[in-house]
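A.B. asks: Chain by chain, the residues run as shown.
2 protein chains.
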Amino acid sequence: MPRIVDHAERRAALAEAVWQVAREDGIGAISVRRVASAAGWSGGAVQYYFPTKTALLQYAFDVVGQRTVDRIHAIADEAGAEQALRSSIMSLLPLSREISAESAVWFAFMGLALAEDKLRKVAEAGHLAVAQAVRIQVERAQDTGVVEPRLDAEDVTLDLLALCDGLCVQELYRPWVLSPERLERILDAHLARLAPVGLA
Amino acid sequence: MPRIVDHAERRAALAEAVWQVAREDGIGAISVRRVASAAGWSGGAVQYYFPTKTALLQYAFDVVGQRTVDRIHAIADEAGAEQALRSSIMSLLPLSREISAESAVWFAFMGLALAEDKLRKVAEAGHLAVAQAVRIQVERAQDTGVVEPRLDAEDVTLDLLALCDGLCVQELYRPWVLSPERLERILDAHLARLAPVGLA
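Chain order of the listed sequences is X and B. First residue of the first sequence: 788, per this note's numbering; consecutive thereafter. First residue of the second sequence: 788, per this note's numbering; consecutive thereafter.
To be clear, the hints were calculated from the coordinates, so they are not data collected in a lab. Hints may contain errors.
Each pair may be met inside one copy or between any two copies, as identical chains are not told apart.
Stated by the list, open to error - Under the rule of at most 20 angstroms between Cα atoms (straight-line distance), these lysine to aspartate or glutamate pairs were calculated in the DMTMM-like manner:
| id | residue 1 | residue 2 |
| --- | --- | --- |
| 1 | Lys905 | Glu811 |
| 2 | Lys840 | Glu911 |
| 3 | Lys908 | Asp930 |
| 4 | Lys840 | Glu971 |
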């Protein structure tokens, strides 16, 4: 192995390989060997960064949590005050094949995390980070008159996150029920009901 | 084995044992042998009813789907027209240790189901049956003036189911955030926003 390598980049490439294996063959197929093969590395090289399957999974899911948060912030910044909350929530809904695949892997990971403390911590941290990112947008929406300011910001955040998670769950099992049009309609009706009373 | 046995009862006892193993040791621990031991049966006796682990899981999750639906109908009948929808939804929220444990196992099962077609079909059927049971209550609530009748019943059903599934997901990872009081407050606020306009 060359001595000068970008470790962060190599780790990120491995995280990508973990996700690729999970999407293609299910999360049960993830192993150091399978990920090495997907990344075009030797098993030993993978183990240099991630000695165990659990370490691999921890990192891969940590990356996806962080990516989700970064996406929320970027989309909210771009959307402008009026649309920031709606656009943030849209980024969490299974509106594209990519987000659907991501959510399928995420839920399968959650299944594993329930039985393994180290993974559970990653799942918890991911949920918390996404919740905080959404809450910032909820508070902003209350400031700008998009959401009724007298509502409890944490309750609204939990309600909206539940909507996203729940729609992802439904989309996993009954995708034909949730067309993108229906998802958008449900979200818009939901948000309209959070609008300041008198403007609704 | 005695020739006169209540097969339905024996199958139900096995389903119970599958759930017990899943709650105690995680869904990964389920095997014909482990379930036999939990039920106090021989491995051969279990295999007489369920030749494979997949068959065991299929049946156990089918039972839980059916039980959830029966519970919704029973609770709704008891609650009376005004409270039927609220009580139905309450029965799906992680308000007790029992329902939390059930939801943890259900989500772990979903993780498995994503990688195995036979299990996916059970998960799909379970979701559909619960959705139909909730939809009956939504339509009833629209008839009795609890929910705005101009709202699309299927959209409202999907929105409420998403709320339940999503709150269960959150409760799995950050249980300390969702006290029973908060769960009830979020649900009541959510339902209040579905009330007929003018009565809200």
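A.B. asks: Classify it for me, Lys905 with Glu811: is the Cα-Cα distance of at most 20 angstroms met within a copy, between copies, both or neither?
C.D. replies: For Lys905 and Glu811, the Cα distance is within 20 angstroms only across copies (18 angstroms; inside one copy 24 angstroms).
A.B. asks: When no copy is named, should Lys840 and Glu911 be tagged within, between, both, or neither for a Cα gap of at most 20 angstroms?
C.D. replies: Result: close within a single copy only, 19 angstroms intra versus 30 angstroms inter.
A.B. asks: At 20 angstroms max between alpha carbons, let me know whether Lys908 reaches Asp930 within a copy, between copies, both or neither.
C.D. replies: Close neither inside one copy (33 angstroms) nor across copies (45 angstroms); limit 20 angstroms.
A.B. asks: Taking 20 angstroms as the upper bound on the Cα-Cα distance, should Lys840 and Glu971 be classified as within, between, both, or neither?
C.D. replies: neither (38 angstroms within a copy, 39 angstroms between copies)
Hints 3, 4 from the earlier list are contradicted by this structure; the remaining hints agree with it.
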